[in-house]
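Trainee: Given next are the chains, with one letter for each unit.
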Amino acid sequence: MRRATFLPLWLTYAFLYTPVVVLVVMSFNRSDSPYEWSGFSTAWYGTLAGDDEVLRGLVNTLIVAAGATALSTVLGTLLAVGLARHASRSRLLPALSVVPAVLPDIVLAIGLLAFYSLVSATLGLHSVLLAHTVFGLAFVTAVVRTRIAHVDPSLEEASRDLGAGEVTTFLRITLPTLAPGIVAGALLTFTLSLDEFVIAFFTAGPKDPTLPIVIYSMIRFGVTPEINALATLLLAVSFTVVIAAQRVSRLTEAL
Amino acid sequence: MAGRGRAAGGPPSRARLVLLGPGLSYLAVLLLLPLALLIGYTAFRRGRFGGIAYEDGSTGENFARLTDPLYAGVLTDSLRIAAVTTLLALLLGYPTAYAISRLPGRWRTVALVLVVLPFWTNFLIRTYAWIVLLSSRGVVNSALTGIGVIDRPLKLLYTEPAVVLGLLYAYLPLMVLPLYSAIERVDPRLLEASADLGARPARTLWSVTLPHTLPGVLTGCVFVFVPSLGNFVVPELLGGGHTVMVGNLIRDQFLTARDWPFGSVLALALMAFLVLLLMAQAWAGRRLGGR
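Residue numbers (my numbering), protein chains in the order written: chain A, 1 to 255; chain B, 1 to 291.
Chain A is nowhere near these chain B residues, computed Cβ spacing over 12 Å in every case:
(1) T59
(2) L154
(3) T159
(4) A193
Output of the computed footprint for chain B on chain A, the stretches with three or more beta carbons under 8 Å from beta carbons of chain B:
(5) 19 to 27
(6) 73 to 79
(7) 97 to 104
(8) 111 to 119
(9) 127 to 140
(10) 195 to 207
(11) 229 to 235
Simulated from the structure, these hints should not be mistaken for laboratory data.
Fair warning: this is a prediction, and the values are worked out from it, not measured in the lab.
Glycine included, C-beta positions come from ideal geometry on N, C-alpha and C.
Just chain B, same shape as in the assembly:
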């Protein structure tokens, strides 16, 4: 990049304005301003006719509602569901990524493409497929009653496990990809050294590969946890209204209850949590010696 910083800090040249101006203005108007609006809304309360109204002390009241057991319960449920999803994705994703890294070179790309392929299909369709599988007259129940394992259909759909399953299905590839690239980057000489010193493959995996891929594990966990936490489609379609996550709550505050100030508080709480998470990840990544 040497020689490119020529104009940095210098007077605003025309080229600089033409290149940076449009994109940054766009982001200022359609990203920063909307986010600032959400922060601003927290100072208001719901107006009598749907809009917003100003009243002293609304901010405190809005934020205090986060501790209301009803809403606090939704927040902790969301965290639990996203955490369980992430853990399951790690437990399934790590051995999968490891297996791909053991494949002969030309098969690795094929194996990876096969993992990512369903990911490029409409998210709603992928979620809907689980309704077809899990519903009381669905494929799984028909198969089980057909072979006589059960007499009456099991309640599989509209449960929390169904929500976890749907999220796992949606985001598993986001776990496998960073794990695969982390495992692939482990210096093969370390693995040889471990084998030469008499370690069996399982021991090498546990004592060499796993510790060296912890930054990849963290990245994968963040990639799955973040979209799982704010998702409202999967809880709605597979949880059937019984499982409410913070995304559902935000959607309802904006579209049904028309309480935009409280909806903004929830959205900011979600963002604040994610920022803390990303900071923790960056800190842990540095400590683990990752990039």
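Chain A with its partners taken away, still in its complex shape:
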């Protein structure tokens, strides 16, 4: 019975990690073909380091992710506090704030494309940044609202009773107590924005693709083992970040 219980778990891990392992192994392949093994080499990492298209995509992605995160965090935090304080009886406004998170990405993408076209906006990094803020705002609002539900409202009342104004109370009491939620929401937005493809695909200008768009065209037109090297690096980065985040969250739980 016990062995049978854990068999599906091993099956799932085999399914999840076989492709990952294959990509990592193939990134050290000497061959020009991304599939056939012909000996060990790190040459593709060299090619990758000299690929301006990839580097530019990476820079564009970081600009968009940082901008969208900053904007989402400010708007989302204000909205979450506002919903808790001034719309606690409304069901419509909280529902509206989660729509971007549950809407199929392609619907949001073409809606935004239609909007940009209507107002004759030029497409570029700014249009992707504004688009990513739509879903980032939803995630920050959701995470901060969860945090607010766990914070004692009497802290703010005490602050006001002691004579602090609205702004002072917000900056010195509300923000610090919500900080863990705000940081979590910001990190989530940043990560999702780095990886986001569909919305960027529709709202980016032809001149400044983000890294996922560059990867997409690499896969579609001309697969070389260079992409295996890129994949391995991205895997290494995201695995490190997720494990580090896990460590940190366990650490804060313990405190």
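Given the coordinates of chain A, work out where chain B should sit on it, guided by the hints.
Mentor: Just chain B now, kept in the frame of chain A:
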């Protein structure tokens, strides 16, 4: 929350405007307006030079095209592919989530992180990995011909099963997580009672755990079904243009055919279906006594 509703329904205070104003305006302009635009487009038809043109009766014509066998076929194919993906995710995800819940406490987090870890890697890279595995000269075919199981490579890539596999790979964690939290929430006293009454673990799983976790099953199914249905990247990269899903169709109407009105109709049809699905889930969840 008592004492917080102070200003609700009252006159718009400055604090209220400062807090709610920016976020709601942002959503009004960059979410509601775009969605309203898509609804508006359905009243037009494709213009001669790519844009849109108004013509009486366009709305009916646009929606009638959904019943055209060509497009209806894509819609039913999409539903079938998303449904098969969801079913496979459930069949693999439930035993996996169950196994994790049987692990000793400190191992559970590790096991869950291992399930979620690939999910945090670029979606395109994860899909691309299956091209490397499945292509005619790919790893699977090389291995099979290498050990002499087959003489000629099998056609694995650019098939519908490849699309299902890619979607399953992409969204399996979204099935395991809600299932795990549902299984973990089952009152252990129920399981003890079942065991005390002489039920074997398998019987307890079937008669106690499974019925109590049906709301989690529904959530997991929605989490996998929804993104699978609208996906256009996996059908394109792993289906190679032979498998067309509604997402591909919408993308093509907007970027290739430049028929935005019909593209909007397809997008609204997709959304309408998902809203119905979510309503059905909420209704079923209440009936099952879930949250």
